[in-house]
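Chemist: The lines below spell out each chain.
There are 4 protein chains.
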Amino acid sequence: MPVRWSDMDAYGHVNNARFLTIYEEARVALFFQGAREHGLGSFEEGIVIARHEIDYLRPVDYGDPVRVEMWISEQRAASFTVSYELFDDGELAGRAKSVCVPYNLADGHPRRLSADEREFLRPYLAA
Amino acid sequence: MPVRWSDMDAYGHVNNARFLTIYEEARVALFFQGAREHGLGSFEEGIVIARHEIDYLRPVDYGDPVRVEMWISEQRAASFTVSYELFDDGELAGRAKSVCVPYNLADGHPRRLSADEREFLRPYLAA
Amino acid sequence: MPVRWSDMDAYGHVNNARFLTIYEEARVALFFQGAREHGLGSFEEGIVIARHEIDYLRPVDYGDPVRVEMWISEQRAASFTVSYELFDDGELAGRAKSVCVPYNLADGHPRRLSADEREFLRPYLAA
Amino acid sequence: MPVRWSDMDAYGHVNNARFLTIYEEARVALFFQGAREHGLGSFEEGIVIARHEIDYLRPVDYGDPVRVEMWISEQRAASFTVSYELFDDGELAGRAKSVCVPYNLADGHPRRLSADEREFLRPYLAA
Numbered sequence: 000m001p002v003r004w005s006d007m008d009a010y011g012h013v014n015n016a017r018f019l020t021i022y023e024e025a026r027v028a029l030f031f032q033g034a035r036e037h038g039l040g041s042f043e044e045g046i047v048i049a050r051h052e053i054d055y056l057r058p059v060d061y062g063d064p065v066r067v068e069m070w071i072s073e074q075r076a077a078s079f080t081v082s083y084e085l086f087d088d089g090e091l092a093g094r095a096k097s098v099c100v101p102y103n104l105a106d107g108h109p110r111r112l113s114a115d116e117r118e119f120l121r122p123y124l125a126a
Numbered sequence: 000m001p002v003r004w005s006d007m008d009a010y011g012h013v014n015n016a017r018f019l020t021i022y023e024e025a026r027v028a029l030f031f032q033g034a035r036e037h038g039l040g041s042f043e044e045g046i047v048i049a050r051h052e053i054d055y056l057r058p059v060d061y062g063d064p065v066r067v068e069m070w071i072s073e074q075r076a077a078s079f080t081v082s083y084e085l086f087d088d089g090e091l092a093g094r095a096k097s098v099c100v101p102y103n104l105a106d107g108h109p110r111r112l113s114a115d116e117r118e119f120l121r122p123y124l125a126a
Numbered sequence: 000m001p002v003r004w005s006d007m008d009a010y011g012h013v014n015n016a017r018f019l020t021i022y023e024e025a026r027v028a029l030f031f032q033g034a035r036e037h038g039l040g041s042f043e044e045g046i047v048i049a050r051h052e053i054d055y056l057r058p059v060d061y062g063d064p065v066r067v068e069m070w071i072s073e074q075r076a077a078s079f080t081v082s083y084e085l086f087d088d089g090e091l092a093g094r095a096k097s098v099c100v101p102y103n104l105a106d107g108h109p110r111r112l113s114a115d116e117r118e119f120l121r122p123y124l125a126a
Numbered sequence: 000m001p002v003r004w005s006d007m008d009a010y011g012h013v014n015n016a017r018f019l020t021i022y023e024e025a026r027v028a029l030f031f032q033g034a035r036e037h038g039l040g041s042f043e044e045g046i047v048i049a050r051h052e053i054d055y056l057r058p059v060d061y062g063d064p065v066r067v068e069m070w071i072s073e074q075r076a077a078s079f080t081v082s083y084e085l086f087d088d089g090e091l092a093g094r095a096k097s098v099c100v101p102y103n104l105a106d107g108h109p110r111r112l113s114a115d116e117r118e119f120l121r122p123y124l125a126a
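Note that the protein sequences, when read in sequence, are chains A, B, C and D.
Per numbering that gives the first Met the number 0, the very first residue in the first sequence carries number 0; after that it's consecutive.
Per numbering that gives the first Met the number 0, the very first residue in the second sequence carries number 0; after that it's consecutive.
Per numbering that gives the first Met the number 0, the very first residue in the third sequence carries number 0; after that it's consecutive.
Per numbering that gives the first Met the number 0, the very first residue in the fourth sequence carries number 0; after that it's consecutive.
Read the hints as simulated data drawn from the structure, not as lab findings.
In this text, all values refer to a predicted model and were calculated from it rather than measured experimentally.
In this text, a Cβ means the ideal position worked out from N, Cα and C, and glycines have one as well.
Among these hints, one or two may not hold up.
Just so you have them, the derived chain C footprint on chain D, three or more residues with Cβ under 8 Å [said to hold, decoys possible]: (1) 35–42; (2) 51–62.
Not the full set, but computed from the structure, chain A residues with beta-carbon under 7 Å of chain B [claimed, not checked]: (3) Pro1; (4) Gly11; (5) Asn15; (6) Leu19; (7) Thr20; (8) Glu43; (9) Glu44; (10) Glu52; (11) Tyr55; (12) Lys96; (13) Val100.
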């Protein structure tokens with residue numbers, strides 16, 4: 000994932016809120032673009048974030064792209080949890096978890112994961 | 000806290016990462032500007048975020064400002080935790096916690112809270 | 000207009016791209032919220048920006064809100080130009096112009112200003 | 000240049016202010032990182048933007064990266080102008096110009112281009 004110069008704040012490091020944007024970009028690439036390529040558009044029509052937990056281990060600076068590893072650490076009937084690790088120059092610099100809730104934007108209600116969605120998530124499930 | 004039109008994402012609601020920016024603005028106003036008015040510049044010279052937890056309860060839209068309540072929910076020798084509640088139109092729309100670590104930016108090390116800093120934090124400590 | 004701590008970049012001043020966000024917030028408050036209060040929702044359904052010109056006269060820092068003055072410097076059949084001046088601590092710190100084109104988002108075409116829109120813009124027209 | 004999902008605004012297209020961020024990233028990569036690789040750190044220590052002009056020709060959406068072409072369209076004693084064209088799916092979607100002023104951040108004054116800086120800029124000068 001590329002880091003933008005404008006992601007830095009007045010301290011000269013990537014701003015802590017921007018880590019969330021970087022994790023979001025990784026997640027969106029998988030659940031929107033990646034799922035769409037598998038003919039699955041239902042995530043794009045609505046995933047609501049219920050909770051994030053973000054741990055900051057090292058400051059990250061503008062320069063080379065960072066690497067984000069991502070997996071599904073928990074799957075329930077109507078939610079799943081994405082876990083992330085962010086590596087900068089090969090060193091673990093951050094960790095996060097996002098609880099994602101499939102959502103029907105039209106009627107404004109959370110909904111259960113469909114069979115197709117469970118199928119799509121399976122290869123990313125951590126043992 | 001004002002919400003910007005540009006805080007909304009393609010879903011037409013305030014983007015989840017921007018909640019963190021709104022909480023950050025509330026925190027910075029207290030620990031940078033507020034503390035400086037009490038003659039305390041040491042927070043501004045460096046507070047590092049070690050962890051955030053953010054819960055999303057309702058979508059927030061562009062329009063009226065939101066109200067953020069903030070208090071110190073935990074204080075340790077070398078860290079403190081800021082807790083927030085965000086209200087939109089009088090309804091609780093989000094909750095968050097930030098673990099803050101005073102930091103010596105010059106030598107790159109965390110440090111203990113000073114007596115002046117503890118004094119400044121005291122009125123915000125929840126019972 | 001409030002300035003956010005996160006508007007600053009690694010130079011410790013408000014980032015030049017964020018000036019555009021601050022001008023945008025002023026413009027949106029007038030053309031979306033202000034117009035809606037006059038029963039005019041057509042700007043909100045689509046104004047496209049065709050061009051911006053932005054001059055930077057002084058750096059702006061995080062702290063007190065800045066003041067943005069705004070007027071319509073030109074009105075044509077199918078576009079209008081918003082001019083802005085941004086004052087920080089009473090001093091002119093920036094100037095900008097935005098060429099705005101009313102747009103029919105549904106069919107993807109620019110359109111002429113309606114009589115109601117011309118009526119709404121009239122008090123903001125500079126002599 | 001990659002486009003982020005979060006670059007989109009409530010209209011579902013890349014926000015007009017974010018174009019400026021995308022141009023900024025292209026410019027910074029050249030003048031900070033690129034120049035540093037040539038042993039030239041003086042741009043990074045301070046380039047101030049005096050003016051931007053930005054033309055929007057087509058909406059840009061989240062998805063594939065966009066291509067930004069960039070050249071020096073004017074060079075003066077104490078400023079230079081960067082011109083950009085942004086292509087999305089092979090089509091010209093935007094154009095911009097940035098007037099850049101080398102700046103001595105330490106004493107707060109603009110300064111003339113050095114011989115090394117002129118040398119670095121030469122290959123990018125349009126005929």
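Chemist: Each hint should be assessed against the structure and marked as holding or not.
Modeler: Okay, the hints, checked on the actual structure:
1. 35–42: Contact hint for the stretch 35–42 of chain D vs chain C: violated, 0 residues under 8 Å.
2. 51–62: With 6 residues closer than 8 Å to chain C, the stretch 51–62 of chain D meets the three-residue bar; holds.
3. Pro1: Status violated, d = 16 Å.
4. Gly11: Hint on Gly11 (chain A): violated, closest Cβ of chain B at ~9 Å, above 7 Å.
5. Asn15: holds, 4 Å
6. Leu19: With Cβ-Cβ at 4 Å, under 7 Å, it holds.
7. Thr20: holds, 5 Å
8. Glu43: violated, 10 Å
9. Glu44: violated, 10 Å
10. Glu52: holds, 5 Å
11. Tyr55: holds, 6 Å
12. Lys96: violated, 10 Å
13. Val100: violated, 9 Å
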